[in-house]
Amino acid sequence: DAGITQSPRYKITETGRQVTLMCHQTWSHSYMFWYRQDLGHGLRLIYYSAAADITDKGEVPDGYVVSRSKTENFPLTLESATRSQTSVYFCASMAGGLREQFFGPGTRLTVL
Amino acid sequence: GENVEQHPSTLSVQEGDSAVIKCTYSDSASNYFPWYKQELGKRPQLIIDIRSNVGEKKDQRIAVTLNKTAKHFSLHITETQPEDSAVYFCAASRGNQGGKLIFGQGTELSVKP
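Just so you know, the protein sequences line up as chains A and B, in that order.
In terms of my numbering, the first sequence opens at residue 143 and continues consecutively.
In terms of my numbering, the second sequence opens at residue -5 and continues consecutively.
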């Protein structure tokens, strides 16, 4: 599991600030994903990427921006954080096709 | 788009009993159905998955069944142990959507010794 890491693990920020959550994987997996986890909602897909420079929206993309210039990195940016974006964010990667997604340890983000 | 409903939201069983968690999905084109286990404070981890060309799959004490006609699938855990206590998530995916998973809301399973 050390193959996929997230930073920071905990973050407190204020409304209106820009925040970037980092995700790095060492397996050279083609696919990467960002989810948010909120009580009562399970895991909801924010954005995903099939390869470098290819990204697509998930279920809840509003307020988030992603990029993927390198296969191993998939940063998630909250351009102007809102309280409703307080959540636990998980990054995941997958080799390809319909296979297991490997999740990172998560980032707990609090927006005051 | 796909919608996945999961029931029950909480489940409490005695050690040694069986536990069943059910999910329904809306998109008949979905063809991959994984189950993830998340222990408190940890990341989700895959425990079993099933593809639409298979009706049932077993792995030791865990089994998953799929009914494509009714669009539902279930997780069965037999001889439950306290270490099975966790939140379980079902999910559904279509092969032509880049691994995009739609998750159910989760079931908190508590196994009492």
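By construction, these hints were calculated from the structure, which means they are not laboratory data.
Fair warning: this is a prediction, and the values are worked out from it, not measured in the lab.
Virtual Cβ for every residue (Gly too), placed ideally from N, Cα, C.
It cannot be assumed that every hint is accurate.
Claimed, not checked - Listed next, with one range per pair, are the computed distances between beta-carbon atoms: (1) B:I56 - A:E221: 39 to 47 Å; (2) B:E9 - A:D195: 48 to 56 Å; (3) A:T219 - B:A64: 40 to 48 Å; (4) B:Q54 - A:A193: 21 to 29 Å; (5) A:L181 - B:Q54: 26 to 34 Å.
As the list claims (entries may be wrong) - So, partial list: chain B residues that the calculated Cβ filter (under 7 Å) puts toward chain A: (6) A23; (7) R37; (8) I41; (9) G49; (10) F83; (11) G92; (12) F97; (13) G98; (14) G100.
Checklist entry - Quick check: which numbered hints come out false for this structure? => result Hints 4, 6, 8 and 9 are the ones this structure does not satisfy, whereas the remaining hints hold.
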